[in-house]
Amino acid sequence: MTPQEQLAEISAEAGQAIELASSTADLDQIDQEYLGRSKGRLTGLLRLIGTLPPEEKPAYGESVNSTKNRLLDLLASRKNDLSEREWTDRLNADSIDVTLPGEARRSGGLHVLNRQIDEVKAALISMGYSFAEYPDIEDYYYNFETLNYPPDHPAFDEQMSFYVDSTHLLRTQTTAFQAHVMEVQKPPIRAATVGKCYRYEATDATHSHTFHQVDLLAVDEGLTLADLKGTFAQLVKLIFGEAEIRFRPDFFPFVEPGVEVAIRYGDRWLELGGAGMVHPNILQSMGIDTERYTGFAWGLGIDRMPMAKYGIDHLRLFTENDLRFLRQF
Amino acid sequence: MKLPVSWLREFVETSLDETALDDRLTMAGLEVEETHPSAIGSVYHTKVTPNRGDWMSVLGTAREASAALNCPLTWTAPAVQSSIGAAALPISIDIQNSTLCPRYAGQLLGSVQIVDSPAWIADRLTAAGMRPLNIVVDVTNYVMIELGQPLHAFDYDKIPNGKVVVRETLEGEVIETLDGTQRPLPAGTLAICDSTRPIAVAGVMGGANSEVTESTKTILLESAHFDPGTVRRASKALGLSTDASYRFERHVDPALPLIALARAVELLKDFAGAVPLSDPLDVYPVPIEPHTIELYPDKVNKILGTDVSHAVTIEALERLGLTVDGSSEPYKVTVPTFRPDLRLPIDLVEEVGRIIGYENLPETIPGRPGTPATDGPEAAYGTRVRRALAALGLQEVSTFTLAAPSAFDDAAEAEKRVTIRQALSAELSGLRQILLPNVLDVLARNVRHRQTRIALFEVGKVFFRVGEGYGEGRKVAAAITGDQGTGQAADFYTAKGIVEQMLASLNFKTVEFVAAQRPHMHPGRTANLLVDGVVAGYLAELNPKTVKDSLDVQAGLGRIAVFELDIELLRSLEPDLARFKHLPRFPSVARDIAIVVALDVPYASITNAVRSASTSGLLTEISLQSVYTGERMASDKKSVALRLVFQAEDRTLTDAEVDSELASIWTALTQQVGAEQR
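Protein chains in written order, with our numbering: chain A, 1 to 329; chain B, 1001 to 1678.
Please keep in mind that the hints were generated in silico from the structure rather than gathered at the bench.
Fair warning: this is a prediction, and the values are worked out from it, not measured in the lab.
Beta carbons: idealized from backbone N, C-alpha and C, even for Gly.
Misleading hints may appear alongside valid ones.
To be verified - Dumping the calculated DSBU-like pairs for lysine-lysine here, alpha-carbon to alpha-carbon at most 30 Å: (1) B:1299 / B:1002; (2) A:196 / B:1217; (3) B:1047 / A:196; (4) B:1163 / A:186; (5) B:1332 / B:1416; (6) A:186 / B:1581; (7) B:1509 / B:1416.
Stated by the list, open to error - Here are a few chain A residues that sit away from chain B, every Cβ distance over 10 Å (derived from the structure): (8) 36; (9) 68; (10) 130; (11) 247; (12) 310.
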């Protein structure tokens, strides 16, 4: 066979092999066999160029090269097809049932009541009120006396308290923080605290011997009851979104005027706590000039907020700490 | 108080239906808590605030409604009849302390028939929550509910010579009250006495010795004014609260006694056939006069944040029955005796606000001072701890600080427990000293609810005695049991991993865990956490024997890992901020070594030995690959495989350098922990 004939034969053979190849690995082998640098059969044909008469050499060299290029193109295109299919097959083989359950991971969580406290704090801090901690075991002086409770006042009957000795009790209200604040701060004051409070109460769905309050105290020039109302409305908006609020006269010895604050919850009013303008007796006893300064304050119950928000129907759920309950939030 | 609406309507003229009236009263401050039906129509249950004793009557409520609704009060006081002159029978009233009893009025009534009350009186009393008895008792109650003035009827024939003395009791005096109870009276209790003995506890309850009975013919009707504090102390000392004492404690209008007496006499004449045997007797040495408050009218807008005219202020006060002299500033506002709660100008501002209606107040936001607002440092630190633990897969719980003593308390600390005086139950007997018992309670409850994967924590206050005073601390405690998702049941190392990660998130770089003994904890699986050499808490597995004895869970639950740390202490030791370190630019070299040491050599001793040997700073990491004990090892030995990582900041390490490091490490291991090569 002449080199030309050999070229034609090898070219046909290689073309057919490429056509028949069923994997990219086969193609790699074909590539090696025909076009390998040292042992490739087509590459070998170039070496036959020496046996040809000089006038045939250029044409022969060119046709070997063009055959090689044609085969390379063929290989590349075939490889492309096969590789595509191979990936598809591989990924198909790797597919799974996505409806099977996920890995058994469980993130922890914060207690729903403490999350409410965090939320109230964040809201009030954003409104300019700084928080601090005060003792749960409180001096009678701070819990009652500094709050304008006259001795022998019937209000004492309404606050059955946990006494630890004759002058100390578990605070019945975080409002006990007021005198602590005013002892060390002068106006303008924007202070708040949150914590547990304690009263002897018959336990039911919405009452417990322990509850959480957030107290706020603002003392400044020109503060009014309208400011208190607006500030409460702002807090409610941050916590509950749009909710109707109610301001109603009520009596607490430490405020005058005194109000009860409530929000509309479903078809009824949910009383959140007491508020009002700080009684001038208190400001005066703290050495604050009542001609120049006025103040407002509130003590709101926290526990009822998540009850309203999530429709929780019993306080007991908060302290039982059933994981099936806690993980709902 | 229970207030029949039809009775109220007799005193105030309004076209509002009972729902609208309820709403207006509530918005004026007199909350109608509930409305119940009765034989004579709806009954309001009003919530009377402690400052408003005047609301404890139909008249007082009607006054409030009249002011709030701006509608007429239709009540007029009955005329006081004084036409008899000298009393037909001997009667004398002697007030020995006019501070405690400013006023004592009485009237003698004869020919009294002790019969049942007419149905309309009985029905009204029943609706108001009282039990009808006989006409005399019923009329005293009726007038009390109607006007707010408690009355008392004595059987005149049981008072020798009609001699009544209002005095404080002496040591040792006793009275049998109308409820049939013998009551020793503390000395100094204000009592109504005959010439020798108490016949009533002033303002609280009458005595059996002067009780009106079936055979009573002549009565002395008492209508007095007592000091609120006196009645309150007597009621408290005797443990006896009555409708009368409840009202006197909250202050009764001193102008009422004669009016109430006249009203009662009118009713007893009509329905008991009573005949007055004396004019009303009124001992009132120092009459209590209406008082005056000075009010600058601008104060109203300054406090309320409103923009109302002076005329509105005057009208509001006048609607409430106050008299305003507005001819000059300050206004002189005269307060009737039924409103003793109004003492200061601010009290008048509140009254104006109530009449305007708080629902009509604007909502404004005050300006802010320049200082930034922050959370307190203790709580903020607690929040970091809480978030770190939640991120590590633990669920936060929240328990009571009031708690019963627990088997898991530390008996050595029992003396420091803060206890509640006169506790009503064990659960309310004192304050927790540590968090663990509560957290274990929660764990046990969840185990009983068939939870198998439990990891709980609480951050909260703990309490203890300090000398004569009290201290409060802040701790974090956790309890973990069951497979946490690793395929293995949680144990000591689960807790340790959590503590390590938590501490890392709080910037603690080097802490120590030292084997320790703790009450209720597994003696071989307990460690103290040391930060800067200070014990900041512990982690452990519970002693399974204590679990069996003291924790209400089924047997075979498996290990329970716990920790409790003092986060106030951690906060005080908080390290500086982490400083940035350049990332390594040259490759590290890792070498694994396997050593054999005695079984009781702690891992910490091995790593200490390794660290002590490498003084070049090239050793950057030691990590544990495995610990092996078993058949291929002598029974008192263990094999420990370590990976050591070496790295230099300025060059690629050569094998020779690493080999030299390893050689000195081996020397140290041999010398310090008796290690042999595996």
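Now for the hints, and whether the structure bears them out:
1. Distance restraint check for residue 1299 (chain B) and residue 1002 (chain B): the Cα-Cα separation of roughly 37 Å exceeds the 30 Å cut-off, and the hinted pair is therefore not satisfied.
2. Between residue 196 (chain A) and residue 1217 (chain B) the CA atoms are separated by roughly 60 Å; this puts the pair beyond 30 Å, and the hint is violated.
3. Note on residue 1047 (chain B) and residue 196 (chain A): the hinted pairing holds, with a Cα-Cα distance of about 26 Å set against a maximum of 30 Å.
4. The suggested pairing of residue 1163 (chain B) with residue 186 (chain A) is violated, with an alpha-carbon distance near 61 Å, which exceeds 30 Å.
5. At most 30 Å may separate the alpha-carbon atoms for a hinted pair to count; residue 1332 (chain B) and residue 1416 (chain B) exceed this at roughly 58 Å.
6. The suggested pairing of residue 186 (chain A) with residue 1581 (chain B) is violated, with an alpha-carbon distance near 45 Å, which exceeds 30 Å.
7. Of the pairs offered as hints, the one joining residue 1509 (chain B) and residue 1416 (chain B) is violated, with about 34 Å between alpha carbons and a cut-off of 30 Å exceeded.
8. Listed as a non-interface residue, residue 36 (chain A) keeps its Cβ farther than 10 Å from every Cβ of chain B; the least gap is roughly 38 Å.
9. Residue-level check passed: residue 68 (chain A) sits 44 Å from the nearest beta carbon of chain B, beyond 10 Å.
10. Not every CB of chain B lies more than 10 Å from the CB of residue 130 (chain A), the least distance being 5 Å, so the non-interface label is violated.
11. For residue 247 (chain A), the shortest C-beta to C-beta distance to chain B comes to about 4 Å, within the 10 Å cut-off, and the non-interface label is violated.
12. With a least CB separation of 15 Å from chain B, residue 310 (chain A) remains clear of the 10 Å interface cut-off, as annotated.
In terms of the numbered hints stated before, the structure departs from hints 1, 2, 4, 5, 6, 7, 10 and 11, listed from lowest to highest.
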